[in-house]
Amino acid sequence: MNCVECENNFVFYLYGELPPEVEESMEQHLNGCPGCRANETRLAKVHRAIEVERLEPSLELLSACRQDLADSLRSVTQQSDSGWRRWLGPFGMPGWSWRLAGCAALVAVGFLAARVLPGPGASGFESGQPVVSSVSHVEKMGDGSVRIVLQDSVARELSGRLDDQAVQSLLLTAARNTVDPAVRVDALDLLRGGISTPEVRDTLLEALRQDPNDGVRMKALESLRPLAGEPNVRAVLLDALREDRNAMVRANAVDVLTMGNAQNSELAGALQELMQREENLDVRRQGQRVLRSMNASLETF
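Residues are numbered in our numbering as their position in the sequence shown, beginning at 1, plus a constant of 1.
Calculated from the structure, these hints are not laboratory results. Glycine residues also receive a C-beta, built at the ideal position from the N, C-alpha and C atoms. One or more hints might be untrue.
[Unchecked claim] Using C-beta positions, here's what the derived DEER-type ranges look like:
#1 Asn265 to Gly17: 47 to 53 Å
#2 Glu207 to Asn265: 23 to 29 Å
#3 Ser294 to Lys46: 47 to 53 Å
Work the whole structure out from these sequences, hints included.
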């Protein structure tokens, strides 16, 4: 293998994707070529740096940025262009005929959408069949209504009351299926007011069990606090205490489980089990404090 072939195979070599005979030939070349070995070492450092886990911005920062962006977009769309610029501007640009064709297609899509989406009511849409779409933003307004932005071929904005069945259906969809974890957090925060309904409760429990984002699981945990005494909720909280990978979630699970002196032998057993393998000092101290208050041993038998 020569230097050019070696350079072309660097990436495949770093990730172990070369056939055994090619990998062996490349290692022989690297052992005998200081220049290629230096290039391989440098490229490996770059890839390791890229693969380092990124620090996620705080949910507060994400929410503030989204709000600033939404306000800016609203101010831009509300600015009125001059009549001549509005009507003649598109025709002065290259490819305006294609733009007209695109507009005609959007009009056709609009007529089609009108047949499958709820019509506008006093609250922005009727409370009949839920709208199925991708939710990109949810927000509680000052008058108590809820603002929801749906992302389709273009963004659509709907508003309604929290007790509206269609609004709740969209919030449930956002909490379960939206890619953006900050939107999932906001949706769970709005849904906590309807925690007495089975659908909301199941969504919160599912988020605590399965959501990959630490902030979403934390929000679900806090939202379940009023129901910590119910057996099915308590079982999920105990699982979070034993198994959640985030120390803050585990620490908050201890706090919620011991709320109102709701302590029992099952909690003591879970804490004793946790003490055997917990590496986070804050969680260990919190668990030890609770076990002492229960007059329970710090070790399992």
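Structure-based check of all given hints:
1. Asn265 to Gly17: 47 to 53 Å: holds (50 Å)
2. Glu207 to Asn265: 23 to 29 Å: holds (25 Å)
3. Ser294 to Lys46: 47 to 53 Å: holds (50 Å)
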